[in-house]
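Work out the full structure, taking the sequences as your base and the hints as a guide.
2 protein chains.
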Amino acid sequence: MQQSYNSTLLDNAVAQLSRLPGIGGKTALRLALHLLRQEEEAAVSLGQSLIDLRRNVHYCKRCHNISETEICDICSSARRDPTSICVVESVKDVLTIEATHEFHGLYHVLGGVISPLEGISPSDLEIESLVARVADEEVREVILALSPTIEGDTTNYYIFKRLAPYDINVSIPARGLSIGNELEFTDELTLGRSIINRIPFSDTFTAGH
Amino acid sequence: MQQSYNSTLLDNAVAQLSRLPGIGGKTALRLALHLLRQEEEAAVSLGQSLIDLRRNVHYCKRCHNISETEICDICSSARRDPTSICVVESVKDVLTIEATHEFHGLYHVLGGVISPLEGISPSDLEIESLVARVADEEVREVILALSPTIEGDTTNYYIFKRLAPYDINVSIPARGLSIGNELEFTDELTLGRSIINRIPFSDTFTAGH
Numbered sequence: 005m006q007q008s009y010n011s012t013l014l015d016n017a018v019a020q021l022s023r024l025p026g027i028g029g030k031t032a033l034r035l036a037l038h039l040l041r042q043e044e045e046a047a048v049s050l051g052q053s054l055i056d057l058r059r060n061v062h063y064c065k066r067c068h069n070i071s072e073t074e075i076c077d078i079c080s081s082a083r084r085d086p087t088s089i090c091v092v093e094s095v096k097d098v099l100t101i102e103a104t105h106e107f108h109g110l111y112h113v114l115g116g117v118i119s120p121l122e123g124i125s126p127s128d129l130e131i132e133s134l135v136a137r138v139a140d141e142e143v144r145e146v147i148l149a150l151s152p153t154i155e156g157d158t159t160n161y162y163i164f165k166r167l168a169p170y171d172i173n174v175s176i177p178a179r180g181l182s183i184g185n186e187l188e189f190t191d192e193l194t195l196g197r198s199i200i201n202r203i204p205f206s207d208t209f210t211a212g213h
Numbered sequence: 005m006q007q008s009y010n011s012t013l014l015d016n017a018v019a020q021l022s023r024l025p026g027i028g029g030k031t032a033l034r035l036a037l038h039l040l041r042q043e044e045e046a047a048v049s050l051g052q053s054l055i056d057l058r059r060n061v062h063y064c065k066r067c068h069n070i071s072e073t074e075i076c077d078i079c080s081s082a083r084r085d086p087t088s089i090c091v092v093e094s095v096k097d098v099l100t101i102e103a104t105h106e107f108h109g110l111y112h113v114l115g116g117v118i119s120p121l122e123g124i125s126p127s128d129l130e131i132e133s134l135v136a137r138v139a140d141e142e143v144r145e146v147i148l149a150l151s152p153t154i155e156g157d158t159t160n161y162y163i164f165k166r167l168a169p170y171d172i173n174v175s176i177p178a179r180g181l182s183i184g185n186e187l188e189f190t191d192e193l194t195l196g197r198s199i200i201n202r203i204p205f206s207d208t209f210t211a212g213h
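Residue numbers (this note's numbering), protein chains in the order written: chain X, 5 to 213; chain R, 5 to 213.
Any given hint might turn out to be false.
[What the hints assert, rightly or not] Below, a list of computed lysine-lysine pairs in the BS3-like style, where the Cα atoms sit at most 27 Å apart: (1) R:K165 x R:K30; (2) X:K96 x X:K65; (3) X:K96 x X:K165; (4) R:K165 x X:K30; (5) R:K65 x R:K96; (6) R:K165 x R:K96; (7) X:K30 x R:K96; (8) X:K96 x R:K30.
Think of the hints as simulated: they come from the structure by calculation, not from any bench.
Predicted, not measured: the structure shown is a model, and the values here were computed from it.
Shown next, in the form of structure tokens:
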């Protein structure tokens, strides 16, 4: 995608934008021409915000979530329950779970899931650091909130085995029907399992469903 | 879209990215998290290229195409024919026509087309400066290469009337079947007109079709 637009600055901006995931050459050109039509301040704010983001946002040494400080706000909050750790694949999943307002413990970001096909082995993930936390901190519960896929289940099982020596509860989020979705649009596997794992209706009165 | 991601720097980058056309909050977050995973150099190059683009790319005073200098490379080239001006809607159209390598004259970028519905009147466009060029320069031909839409045709007609006092040829690009497209997928209007305006087959041997 090294087309020439009669301006090396435009060529460069388009080349840089094209490197972003999901942004092809045509979109990159459209974005660059859009910026040219804006006030100078708009392009400077955007450019500077991306530089500042990468320069000053780091990863929490404890849970590997993004953080502007050595230990992130969640890990250092006195209002979070340090006995409960929710294990997630990525930083994005922390944001997704935080948005539910239903989890009040700490996180541990793995950085992916075990995937032999993609060459991702346990040593590429933050699994040893999770085991170390369970060994050293006052952890009583680990929730494995990975994707319900083969890779996620493999990773769940691997972590479960690694944590077996410790006296803690290891759980996964419930799997079943999506609330608000029509039954007929639920896939067969999920529907079948949700029937096997059916719950007493009276439980739904108390559990905040 | 002023969600909080536990980092004001991330919030800010996402907010800035979301202002780009076609980029919503979710895509902006995905792009920001992608940049966080790259080398610092990648984010700095991208950010700086956008700042440099807006700061140093300007518009040619003669044809209003983008230019890093007062007069653009096309206008100042001795190899272009200054007697032929191709009128286009936008900077992007200059790039599109240049890519065909079939036009060797100069351009004139209008900055849009006349559109009463969108409140764009002739005075919002670079029409007076086009008339001035025809009056002052050695122009013999003006090609109106606007979109074949109602707005484009309205603008063509307006410009045609404004240029009537001058002894020049005013043309539009041929309209007809798209080369390489199946006949059955051509819209009826285009197909009908292309039959009315049919060309002798023998002409196609010489005209470089």
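- K96 of chain X paired with K30 of chain R [C-alpha distance capped at 27 Å]: Measuring from Cα to Cα gives roughly 10 Å; hence the hint holds.
- Task: Please work out if K96 of chain X and K65 of chain X have their alpha carbons no farther apart than 27 Å.
- Result: Distance ~17 Å between K96 of chain X and K65 of chain X Cα, so the pair holds.
- Message: Check whether the Cα positions of K65 of chain R and K96 of chain R lie no farther apart than 27 Å.
- Response: The hint holds at about 17 Å.
- Query: Is K165 of chain R close enough to K30 of chain X, meaning Cα to Cα at most 27 Å?
  - Reply: 35 Å, violated
- Can the restraint linking K96 of chain X and K165 of chain X be considered satisfied, given a maximum Cα separation of 27 Å? Roughly 26 Å between the alpha carbons, so the hint for K96 of chain X and K165 of chain X holds.
- Task: Would you mind confirming whether the straight-line C-alpha gap from K30 of chain X to K96 of chain R stays at or under 27 Å?
- Result: Holds. K30 of chain X to K96 of chain R sits at ~10 Å (cutoff 27 Å).
- Task: Would you mind confirming whether the straight-line C-alpha gap from K165 of chain R to K96 of chain R stays at or under 27 Å?
- Result: Given pair K165 of chain R, K96 of chain R holds - Cα atoms ~26 Å apart, limit 27 Å.
- Agreement of K165 of chain R and K30 of chain R with the hint, judged by alpha carbon distance not exceeding 27 Å: 48 Å, violated
Checked against the numbered hints given earlier, the structure breaks hints 1, 4 and satisfies all the rest.
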